[in-house]
Structures are given as C-alpha cells and as structure tokens.
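Given the sequences, and given the hints that come with them, work out the whole structure.
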Amino acid sequence: MSNSVVGTIYAKIIAETAVMSQNDFEEYGVEQHTLQTLQETWQKKLSARAIAQFPWDPAPTPPAPIANPPTVPSQPSPVSAPPSVPHSQGDVRVKTEPVYENGLSSYPTNPYSTGGNNVSAQQRAAQLLQQQYGQQANASIGALQQQNLQMPGRAPGGPPIHRQQGDPASTQQYLREQEQVRQQQREITNAQTDGAGDELHAWKALVAERRSEHNMMRAHVEQLAQKMDSGLMVPLTEHTKSQGKKRKALSVIAAPTTCHTAIAQLDGPDDIKEEDGEREELDEDAINSDLDDSDDGQNQDDDDDEGNSGEVMLCTYDKVQRVKNKWKCVLKDGVLTTGGKEYLYHKAQGEFEW
Amino acid sequence: MSEKKDYYELYRRSTLGVTLLDSLDELITARRIEPQLAMKILSNFDKCMSEVLADRVKSRLSFKGHLDTYRFCDDVWTFVIKDINFKLDNQSTIHAEKVKIVSCNNKKAEEK
Chain B
1 MSNSVVGTIY AKIIAETAVM SQNDFEEYGV EQHTLQTLQE TWQKKLSARA
51 IAQFPWDPAP TPPAPIANPP TVPSQPSPVS APPSVPHSQG DVRVKTEPVY
101 ENGLSSYPTN PYSTGGNNVS AQQRAAQLLQ QQYGQQANAS IGALQQQNLQ
151 MPGRAPGGPP IHRQQGDPAS TQQYLREQEQ VRQQQREITN AQTDGAGDEL
201 HAWKALVAER RSEHNMMRAH VEQLAQKMDS GLMVPLTEHT KSQGKKRKAL
251 SVIAAPTTCH TAIAQLDGPD DIKEEDGERE ELDEDAINSD LDDSDDGQNQ
301 DDDDDEGNSG EVMLCTYDKV QRVKNKWKCV LKDGVLTTGG KEYLYHKAQG
351 EFEW
Chain L
1 MSEKKDYYEL YRRSTLGVTL LDSLDELITA RRIEPQLAMK ILSNFDKCMS
51 EVLADRVKSR LSFKGHLDTY RFCDDVWTFV IKDINFKLDN QSTIHAEKVK
101 IVSCNNKKAE EK
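Same order as they appear, the protein sequences are chains B and L.
FYI, the numbering for the first sequence is 1 to 354, going by the UniProt record's numbering.
FYI, the numbering for the second sequence is 1 to 112, going by the UniProt record's numbering.
Derived from the structure by calculation, the hints contain no laboratory data.
Among the hints, erroneous ones may be present.
Stated by the list, open to error - Some chain L residues judged to face chain B by a derived CB distance under 10 Å, without partners named:
#	residue
1	11
2	47
3	53
4	64
Just so you know, even glycine gets a beta-carbon here, dropped at the ideal spot from N, CA and C.
Structure below.
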C-alpha cells in the first residue's frame, strides 16, 4: 500500500476509461475533443483534491491541446477542389490528432484502439463515400465537412448534435456512419440523439445521491425539489444539518419512530434525515429497512460524521471472520482515503475487536 | 450489455469517481454530452477501476483498530473502525480516529 503509486494508477484508470469511452463518444456523435475536455477537467479536479502527486501535475503538457481545438477556419472549400478532398481531410486530421494522442500517450498498451480510430467517424464516412462513389460523392462530403466545422461552434443551448434534417445527403451520411460504428463494435446500441429526456432527470438524481456523500446534498435536494412539483421533497429543503443534530437530542426524549419515506413528512422531518444517512451508507443496496433505522440512534450519528470526515475505505472482501468479539478480515483491491491522502492496496489484513 | 453490470459501482464513491461525476455533470449542464453517454462512461469507469486495481496494484496493508459498528447487508460489509492504525509496505504507519470500510464481495466480481 502506498501513496506514491496513486498518481500513476489513477492516470492509468483515466486513460483507460477514456480509451474505452471513445467508441461511446462516436456512437453518440460527440467529438473526441469533448472527451479530451472531460479528461482534462477530471484531472484538474483530482489535482485540486491534492490526494496524491499526479504525473500530469508538474508537467506543462496539458495546456497545449486546449489551445488547439479542431476548429478550422481556413478550411478550403471542398467543392472548389474536388480531387484534393483526401488532402483536406488530412488537414482536419492534423488538427485533431495531437489533441487525441497527447491525452492517451500515457497508456501505451491500448487494446481498444484500431487504426481507424484516429480518424473521426465523419472522416471515415467521407472516405468511404469517396471510395464508393468517387466524384459524385463530393457534394455529400462537402455537406459532411460543413457539419464537422459547425459542431464546435454550435449554440450551447441547442441540442448536442446538430444534424441537417431533411437533407437527404447528410441523412445518408449519418446512416453510413452509424453502420460503420456498428460493424466495428459488433454491438448494436442506438444512439439516442433526440436530446435529453428522462435520462437527464435520472442523471440529476444520481449526481445528487453521490454528492450527498460529500456534503453537497442540500443544494441538490433544493434543486430537485424545485423540479419536482410534488410536495414530497419540500420539507427536506427546510432542514439544515444543524437541525439534523438537534434531532439527535430530541430522539433521546422521544424514542425514534420508524416510518416509511412515503409518509415521512406527516410525522416530522427527522426521519427523512435518517433516510439520508442510510442512503449515504447503503446507496448501492438501497435497503433502508426499518430495522436499520430503529437499531440505534448512535449509528446514525456515526454515519453523519463519516460523511463529513471523508475517511473511507472502499474495497472488496475475501474473508470476514469473527470469534467472539475478535474480527479478522482479508480485503482486496482497496482505496483508502485518510488524512487528505489516498492509498491503494492489493490486499489488506485487518484485525479489530468490537 | 450484461458485461457492464458485472462491475461494482462501489468505486464511484472514491475521489476518482466523484471527480469524474463532477466533470461529467459539468459537460451535461453545458449540454455538451447527454446523460446516457455519461452513464456509459461511468460504467466504463467501473470496469477500468476494478481491473486496474486488481491487475496493477501490488502493495499490501494491515490494520488494527476497535470495531465500532458493523453491518452486513446484501453481501456488503460495512465497518466503522475507531482508533485505527494502518501498517504500510514500507513499515510506516498511519493513524486515523475513525474510518468507514465499505466492502463488496470479491467472489461475485470474479464469478461472472
């Protein structure tokens, strides 16, 4: 277990996740540049936490790709130079490629990259058209490149993918592109391009839930409550952390009542707070059983405090044994966050008594 | 499809996972990616994190402490250990007042 490996290991995980997500980005018609941005934001946020020394921290390499987005203002008109279409594609690729490769060069053994991945889906589609239809395809390629150029500058409020609806050429392009992506992946997943629907809501809920572990729940609950018109969420917004603490004092006098979330607001806000505490701990299984609630008030105190301190070990277990009050466990593949630093281990042995 | 379900989402709660979530949320808020894509990236992250941790990390650790709370629910162990001492590979020790351990079954991850 060591803090020194954290930087390189995390860099590896980031790079691998990025590589694995490339196909997904293509499938959803999102530029690789966005993936690059995601990677940079991710790294920046990690550095801000200062949990370890990261390989990208001292090196001034990351700014270069940012300064070079694949917007090509001086792109030659494809119609005016039909035979040089492959060359102009080459221009586009020269612009995008450094962005792409800089981010991934830290991960040399790349099982997912194929040769074609260096070229964006649109470029591949254009090449395919060029091969199949020769000169006739120039108009389509022009439309495709036009679209490629428009994408970085699209309005932020607009849908993520701006496609020229009704234009048969570009629709055909899109179909071809999709077909190619499918062939590559051998996995048919329809990219939903009609904007965010229920998924956005689900995402917000997920984000809110995860962040609750890092004390940002309140802001998000307020946000959620504004979105949901049902009065169910309203009492939550009125309760601050300090009121949660008061509850514990109150619960000494009045025995903690166990109560279902659906009717929680009828008998006061405290149980909702309890539910939050539970979710913090068991968010994956999400069994907020009555037994857990009524078990011991002290338990909730611990969980609340736990969230604050952020001293957490996440791992898998091989063995957990108990003899009387002596416990022994063998844990694997763990991440330990303590004292503002993070540590990784392959195997851990713990002994503790209750 | 089923492949993605087989990795624990446990590590999304780590610093690495939370920072990824924040970054994705920024992109979604800016309308640059869709939530579905973000979900996919998260499940990619689950897979990568599990695999890299299992394959690349070799270090070991031992710890002792006083068990304050334990819970076993849905194959997940949760311990709250107080006054805990970690012993690292290089013989140095770290002390913490209180650490929560959340641990999923290692077997299930391999069975798939």
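Evaluated hints:
1. At about 6 Å, the closest approach between the beta carbon of residue 11 of chain L and any beta carbon in chain B falls short of 10 Å, and the interface hint on this residue holds.
2. The criterion of a C-beta within 10 Å of any C-beta in chain B is met by residue 47 of chain L, whose closest approach is roughly 7 Å, and the hint holds.
3. With a cut of 10 Å, the hint placing residue 53 of chain L at the interface with chain B holds, because the nearest CB-to-CB distance is about 4 Å.
4. For the restraint placing residue 64 of chain L at the interface with chain B, the shortest Cβ-Cβ distance is roughly 5 Å, inside the 10 Å limit, so the hint holds.
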